[in-house]
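Construct the complete structure from the given sequences, taking the supplied hints into account.
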Amino acid sequence: MKGYNFAYLDEQTKRMLRRALLKAVAIPGHQIPFAAREMPLPYGWGTGGIQVTAAVLGRCDTLKVIDQGADDTTNAVSIRRFFARTAGVATTTRTAHATIIQTRHRIPETALTEAQIIVYQVPQPEPLYRLEPSRTETRRMHALSEYGAMHVRLYEQVARYGQIAISYDYPVMVNGRHLMAPSPIPAFDNPKMHRMPALQLFGAGREKRIYAVPPYTDVASLDFEDYPFRAGRAPHACALCGAQASYLDEVVTDDRGGRMFVCSDTDYCASRREQAP
Amino acid sequence: MTVPDDGLAYPGFADPVHDAQASFRAVLRALARPGALCTVATPPAPPPPLAPASAAVLLTLVDADAPVHLPPPFAGLGPWVAFHTGSTGADIGDAAFVLADEWPDLALLAAGTDEVPEASTTLILQVPALEGGPRLILRGPGIEATQTFAPLGLPADFAARWAANRRLYPRGIDVLLCAGSAVAGLPRSVTVLEAA
Chain U
1 MKGYNFAYLD EQTKRMLRRA LLKAVAIPGH QIPFAAREMP LPYGWGTGGI QVTAAVLGRC
61 DTLKVIDQGA DDTTNAVSIR RFFARTAGVA TTTRTAHATI IQTRHRIPET ALTEAQIIVY
121 QVPQPEPLYR LEPSRTETRR MHALSEYGAM HVRLYEQVAR YGQIAISYDY PVMVNGRHLM
181 APSPIPAFDN PKMHRMPALQ LFGAGREKRI YAVPPYTDVA SLDFEDYPFR AGRAPHACAL
241 CGAQASYLDE VVTDDRGGRM FVCSDTDYCA SRREQAP
Chain V
1001 MTVPDDGLAY PGFADPVHDA QASFRAVLRA LARPGALCTV ATPPAPPPPL APASAAVLLT
1061 LVDADAPVHL PPPFAGLGPW VAFHTGSTGA DIGDAAFVLA DEWPDLALLA AGTDEVPEAS
1121 TTLILQVPAL EGGPRLILRG PGIEATQTFA PLGLPADFAA RWAANRRLYP RGIDVLLCAG
1181 SAVAGLPRSV TVLEAA
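The listed protein sequences derive, respectively, from chains U and V.
Just so you know, we're using our numbering here: the first sequence kicks off at 1 and counts up by one.
Just so you know, we're using our numbering here: the second sequence kicks off at 1001 and counts up by one.
Accuracy of the hints is not assured; some may be wrong.
Here's a subset of chain V near chain U, in silico, CB distances under 10 Å, partners left out [unchecked claim]: (1) L1028; (2) A1032; (3) T1060; (4) V1062; (5) G1140; (6) D1174.
Pair by pair, the computed Cβ-Cβ distance ranges are [said to hold, decoys possible]: (7) H97/U to R1139/V: 41 to 51 Å; (8) P197/U to T1148/V: 10 to 20 Å; (9) G1089/V to R160/U: 53 to 63 Å; (10) P40/U to E1131/V: 42 to 52 Å; (11) A245/U to L1168/V: 36 to 46 Å.
SDA-like mimics (lysine to any residue), calculated; alpha carbons at most 20 Å apart, straight line [stated by the list, open to error]: (12) K2/U to R94/U; (13) K2/U to V1116/V; (14) K2/U to D1015/V; (15) K208/U to V1116/V; (16) K208/U to Q163/U; (17) K208/U to A1066/V; (18) K208/U to A35/U; (19) K208/U to R37/U.
Since the hints were derived computationally from the structure, they do not count as laboratory data.
Ideal Cβ placement from N, Cα and C applies to all residues, glycine included.
Structural data, given as structure tokens:
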């Protein structure tokens, strides 16, 4: 695109982002502050993810962007078009064809490979945010690996509801050291982060934090021995492709209580329907 | 043609944007997969005694906000680095990067603090080769089971020295080893054992 550098950001900004990303990879799960730039879309629309993608993206990459699993929603379409215009890269909706996948709040059902990088858009990078509003305090808690407060929160839910009642943004321990917010992916997706072959990068634009999980790194969802972590899923098959094990969206179809459950991952669902006899 | 001593006749990247991007992806892969050899995009004629990979790493990551410390034999490269990156140098304890051709005393380098472990120095170590040396076994994030790594030019007691760095975690020094046009990474999170 004329008048802009490749992938929109200037080289100085990319170097700053790249240095932060390298530190993030070296300290899995630790949040690195960075000088987030104003982007041509509002906070909350993936400015952190876009900046991370812009810093890693190259001419030879193929980009996939999903929003809650879907390739065809406004956020996914505009970010994909943004990079098609500013970087001229190839885009795809097929998980297996992509080299970089930017995601808002889902991990694709198709297993990722060593050749891929997944970039998460993160609204709130601090997992202790609801327990301790002071950044000064949470930084110290991370330094001391002092995560008792989070276990107390989980315990209170067990005491009150009889189970750990967190369905998304379920806190994880990374590499046995840092507590990390996995971004608001459903708890269903948490097990996919554990020892994933792909590099996982996280960008929070408004909160100006970058963090990462290298390939094959231990990612454990917090739980108790007698109340183990469970990945929840609606007890239905996909109404379109019949998948029994994918994460489902509930779609209201009329005003008389009609509803259907369909795969949240549109590419996974479409591929299954194409392959069906 | 005689080349002046300040090295300014030596060019930077032929294509600054895309060569820096390709080199960054190689460095990112090197730290995400410790011990893997990753090929960078190299400048056409790096100033001696700089290896092409070391030159590429400097051009990709160093700037005025993240200066590099240049001890001998690289001290003469100051003007070249300043011209191409904007880094005018820094003391060894304040530098974001330290370029060396032998293993330094890591105690001289910033290892960050427990609260800000990222305020640490990255060591760019130029070695004769990334293969053919004593075999080391690596474990840790980025490695599926174990990774064999056998660079030349590390001290004989490297595993013990690395263990001292590893004990500081999450503080510590990250290392990028450069030889020819390849780079390999040793992030602070990796555990190094001598092969039996």
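Against the structure, the hints:
1. The restraint placing L1028/V at the interface with chain U holds, with a minimum CB-CB distance near 6 Å, inside the 10 Å limit.
2. Hint on A1032/V holds. Least Cβ distance to chain U is approximately 5 Å, under the 10 Å limit.
3. With a cut of 10 Å, the hint placing T1060/V at the interface with chain U holds, because the nearest CB-to-CB distance is about 7 Å.
4. A hinted interface residue such as V1062/V counts as satisfied when its beta carbon comes closer than 10 Å to some beta carbon of chain U; here the least separation is about 8 Å, so the hint holds.
5. Hint status for G1140/V: holds, given a least beta-carbon distance of 8 Å to chain U, under 10 Å.
6. For D1174/V, the suggested interface contact is upheld, since its CB lies about 5 Å from the closest CB of chain U, less than 10 Å.
7. Evaluation of the 41 to 51 Å hint for H97/U and R1139/V yields a failure: the beta carbon distance comes to about 33 Å.
8. Against the hinted window of 10 to 20 Å, the Cβ-Cβ separation of P197/U and T1148/V comes to about 19 Å, which satisfies the hint.
9. Take G1089/V and R160/U: their Cβ atoms lie about 59 Å apart, and the range 53 to 63 Å holds.
10. Distance hint check for P40/U and E1131/V: the Cβ-Cβ separation is about 46 Å, which falls inside the suggested range of 42 to 52 Å.
11. Between A245/U and L1168/V the beta carbons are some 43 Å apart, a value that agrees with the proposed interval 36 to 46 Å.
12. The suggested pairing of K2/U with R94/U is violated, with an alpha-carbon distance near 29 Å, which exceeds 20 Å.
13. Annotation: proposed proximity of K2/U to V1116/V is violated, straight-line Cα distance about 40 Å (limit 20 Å).
14. Between K2/U and D1015/V the CA atoms are separated by roughly 17 Å; this keeps the pair inside 20 Å, and the hint holds.
15. With a C-alpha separation of about 15 Å, the suggested pair K208/U and V1116/V falls inside the 20 Å cut-off, and the hint holds.
16. At most 20 Å may separate the alpha-carbon atoms for a hinted pair to count; K208/U and Q163/U exceed this at roughly 33 Å.
17. Between the alpha carbons of K208/U and A1066/V the distance comes to roughly 19 Å, so the proposed pair stays at or under 20 Å and holds.
18. For the suggested pair K208/U and A35/U, the alpha carbons sit about 6 Å apart, so the restraint of at most 20 Å is met.
19. Between K208/U and R37/U the alpha-carbon distance is near 9 Å, which keeps this suggested pair within the 20 Å criterion.
Consistency note: the structure conflicts with the earlier hints numbered 7, 12, 13 and 16.
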